[in-house]
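S.K.: Residue numbers (our numbering), protein chains in the order written: chain A, 230 to 384; chain B, 107 to 268.
The set of hints was computed from the structure by calculation and includes no laboratory data.
Ideal placement from N, C-alpha and C gives every residue a C-beta, glycine not left out.
Any given hint could be a false lead.
[As the list claims (entries may be wrong)] Just so you have them, the derived chain B footprint on chain A, three or more residues with Cβ under 8 Å:
| no. | segment |
| --- | --- |
| 1 | 239 to 249 |
| 2 | 299 to 305 |
[What the hints assert, rightly or not] Residues of chain A clear of chain B, computed beta-carbon distances all greater than 12 Å:
| no. | residue |
| --- | --- |
| 3 | Val255 |
| 4 | Met290 |
| 5 | Ser308 |
| 6 | Ser349 |
| 7 | Lys357 |
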Amino acid sequence: MLPAVITQMRVKGLIFDPYNNAYIVVLRDEDNSDMLPIWVGKSEASAIGLALESVTAPRPMTHDLMRSFLDTFDAKIISVVITDLNDNTYFATIHLMYEDSEYTVDSRPSDAIALALRTSAPIFASEKVIKKQSSEELEQWLENLKPEDFGKLDT
Amino acid sequence: MDAAKQPDTSSELVALSVKQVLDDGNTDTRIVVLKSDDAGVTLPIWVGSAEGNAIRLAMDHVVTPRPMSHDLIRSFADHLGVRIERVVITDVKSSTYYASIALASKGLHRTLDARPSDAIALALRAGCPIYATQDVLNRRTAVHLDAWINRLDTNNTETQQA
Chain A
230 MLPAVITQMR
240 VKGLIFDPYN
250 NAYIVVLRDE
260 DNSDMLPIWV
270 GKSEASAIGL
280 ALESVTAPRP
290 MTHDLMRSFL
300 DTFDAKIISV
310 VITDLNDNTY
320 FATIHLMYED
330 SEYTVDSRPS
340 DAIALALRTS
350 APIFASEKVI
360 KKQSSEELEQ
370 WLENLKPEDF
380 GKLDT
Chain B
107 MDAAKQPDTS
117 SELVALSVKQ
127 VLDDGNTDTR
137 IVVLKSDDAG
147 VTLPIWVGSA
157 EGNAIRLAMD
167 HVVTPRPMSH
177 DLIRSFADHL
187 GVRIERVVIT
197 DVKSSTYYAS
207 IALASKGLHR
217 TLDARPSDAI
227 ALALRAGCPI
237 YATQDVLNRR
247 TAVHLDAWIN
257 RLDTNNTETQ
267 QA
């Protein structure tokens, strides 16, 4: 069997990283063998956190607007893919279906994930990305985190 | 006077431009200052810091290494052949402003409900006009507003005197 080129991932949680004053979105594959941490800023984390907790904001947040933009023209998100990692910058693509054509749109992973969670679209990571980030040290650090570290976002 | 005979101007649209984005002192908010084209009316709208930064980036024509959220919306529009026609600040209720984004695609016209911060950030990236209804301008929290804005502006740009 050929190795799978992309792996489906689930958002396991958000962790605050006090050393970098940033948040880490933790993605894991189905059988918990691969893990992908993505560092994001506070507002990006908040956009993901609201969707994870199914919070409906009184006014549409930016990614709610994105969703209503796509909905209003019957454009569907088929999937989002975390495609590459260079110098700690992650790249993602959003795959859209609109009028029987598929479109691939370049995106930051934080936008792609925030949008995928709002549209129930699957999230994938390329094998390349998962291999690149296999930093043992980081794995160890994350493994040692206690469950209570996976807290809710303080806003 | 017979009010019924007066033309109702409340739904008329007034074109605005974004003059600046100010820091609001100690709080983590920004003030987006909109002015009518004849500079007669100022409309300040308080937004979050991330929202204010999204507007600042567009005002300064900063190209970020990766697309920001509003660049992504713009990119969706480009891919789908959707034109962003205009944004309108439509209403204000309990100090919360409401906006709409008018879109067109192949003769199809759609309007999306949005926060003014998203609408403005998108308008600046799409190069489309920004309007407010006359009604919103009439109802803005307007007492000595211009003087207040000017003072704030001075404080932002000069060292405060002890």
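S.K.: May I ask which of the numbered hints given earlier this structure violates, with the numbers listed in increasing order?
M.R.: 1, 4
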